[in-house]
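Asks: Sequence:
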Amino acid sequence: MSDREARGAFDREEAVGPGRWVDAGTLYVVATPIGNLADISERAVSVLRGVDLIACEDTRHARVLLDHLGVRKELVAVHEHNERAASASLVERLGQGGSAALISDAGTPGISDPGQLLVSALAEAGIPVSPIPGASAVVAALSASGLPARPFWFEGFLPSQDKARRDRLAALATLEATLVFYEAPHRIVKSLSACAEQLGGDRRAVVARELTKRFEQFAHGSLASVLTALEAGDIPARGEFVVMVGPPAAPADADTADADALIDALVAEGVAPKSIARVVSRTTRLSRNEVYAEVLARRGAK
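My numbering puts the last residue of the sequence shown at 302; the count rises by one with no breaks.
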């Protein structure tokens, strides 16, 4: 979006008037762009303009976005070192009828960023909290990864200490879900090395960096091959990373045996082939087409 287009979008909002979606005594959890400033929503801009104050992770970082949007509001720092004390103050102000927005440095607050303690304190005080949805790095990365998202496990940042990192990965190794981690550039090689060691170098992996920015990159392969590309510099160790690791592969023999037994039972009950394909594909790693073909083959053999 050009500056002229951006100004046009904000001019339309001004015609509606700031505060269109703002109620007194409410905290709005506002998702902000993770890179591309054009990814903020019309509703998010209106809320930021309409609230009495904005709670943010870093006031200096917040002003870059707010200046871009032409928003001038009181800023209150809410970060990991002061969140409990800041929450008490905000509970009091919102309880008196004020309105506030909560933003993080990028993305959705409370998701691997400060915000959980504040929202919890407000909920206990009976003060409404309303989400203004938008960008989230974990969802953006997973949607473009090609890895299964049902289910996925969002871990956030792994421990920075080597032993703690290895122990945590060992605990996650058998989880039948796509694992999603955030990682900083100076730790990405160590983290990928630990993932390969504890999860298995042959596990399918996708590493995303610089999401929504000019040098956005997705690297696909096994954990071992992606690690090799990082070590060789083919994937620059720059920008913020989202690391996604596919679920562990089920033993083929066990999966086939389970599917065979289930197909036999459903065929014996007279269940339609399409229904058998749907049920078996949901409970094993076989696709619907594979199951459907097997059912037809068994019927034809009789």
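Bear in mind the hints are in silico, worked out from the structure with no lab data behind them.
Treat the hints with caution; some may be incorrect.
Stated by the list, open to error - Only pairs whose alpha carbons sit at most 20 Å apart, straight line, appear in this in silico SDA-like list of lysine to any residue:
#1 Lys213 - Lys190
#2 Lys213 - Ala86
#3 Lys73 - Val91
#4 Lys73 - Asp23
#5 Lys213 - Gly201
#6 Lys213 - Glu240
#7 Lys190 - Glu176
#8 Lys73 - Ala86
#9 Lys213 - Val91
#10 Lys213 - Lys163
#11 Lys163 - Ala140
#12 Lys190 - Asp167
#13 Lys163 - Gly200
#14 Lys190 - Ala229
#15 Lys190 - Pro236
#16 Lys190 - Ala173
Source: prediction; values computed, not measured.
Asks: Now, for every hint given, state plainly whether the structure supports it.
Replies: Tested hints:
With a C-alpha separation of about 24 Å, the suggested pairing of lysine 213 with lysine 190 is violated against the 20 Å cut-off. About 32 Å separates the Cα atoms of lysine 213 and alanine 86, which puts this hinted pair outside 20 Å; it is violated. Distance restraint check for lysine 73 and valine 91: the Cα-Cα separation of roughly 18 Å lies within the 20 Å cut-off, and the hinted pair is therefore satisfied. Annotation: proposed proximity of lysine 73 to aspartate 23 holds, straight-line Cα distance about 16 Å (limit 20 Å).
Restraint check for lysine 213 and glycine 201: not satisfied, since their Cα atoms lie roughly 29 Å apart, outside the 20 Å limit. Restraint check for lysine 213 and glutamate 240: satisfied, since their Cα atoms lie roughly 11 Å apart, inside the 20 Å limit. Of the pairs offered as hints, the one joining lysine 190 and glutamate 176 is violated, with about 24 Å between alpha carbons and a cut-off of 20 Å exceeded. Taking the CA atoms of lysine 73 and alanine 86, the gap is about 17 Å. The hint holds against a cut of 20 Å.
At roughly 36 Å between alpha-carbon atoms, lysine 213 and valine 91 are farther apart than 20 Å, so this suggested pair is violated. Restraint check for lysine 213 and lysine 163: the C-alpha separation of about 33 Å exceeds 20 Å, so the hint is violated. In summary, the hint linking lysine 163 to alanine 140 is not supported, as the alpha carbons are separated by about 30 Å, beyond the 20 Å threshold. At roughly 14 Å between alpha-carbon atoms, lysine 190 and aspartate 167 fall within 20 Å of each other, so this suggested pair holds.
A threshold of 20 Å between alpha carbons decides the hint, and for lysine 163 with glycine 200 the separation of about 17 Å falls inside it, so the pair holds. Distance hint between lysine 190 and alanine 229 is fulfilled; the C-alpha atoms sit about 13 Å from each other, no more than 20 Å. Only pairs whose Cα atoms come within 20 Å are accepted, and lysine 190 paired with proline 236 is accepted, the gap being roughly 14 Å. Between lysine 190 and alanine 173 the CA atoms are separated by roughly 17 Å; this keeps the pair inside 20 Å, and the hint holds.
The structure is inconsistent with the numbered hints 1, 2, 5, 7, 9, 10 and 11, although it conforms to all the rest.
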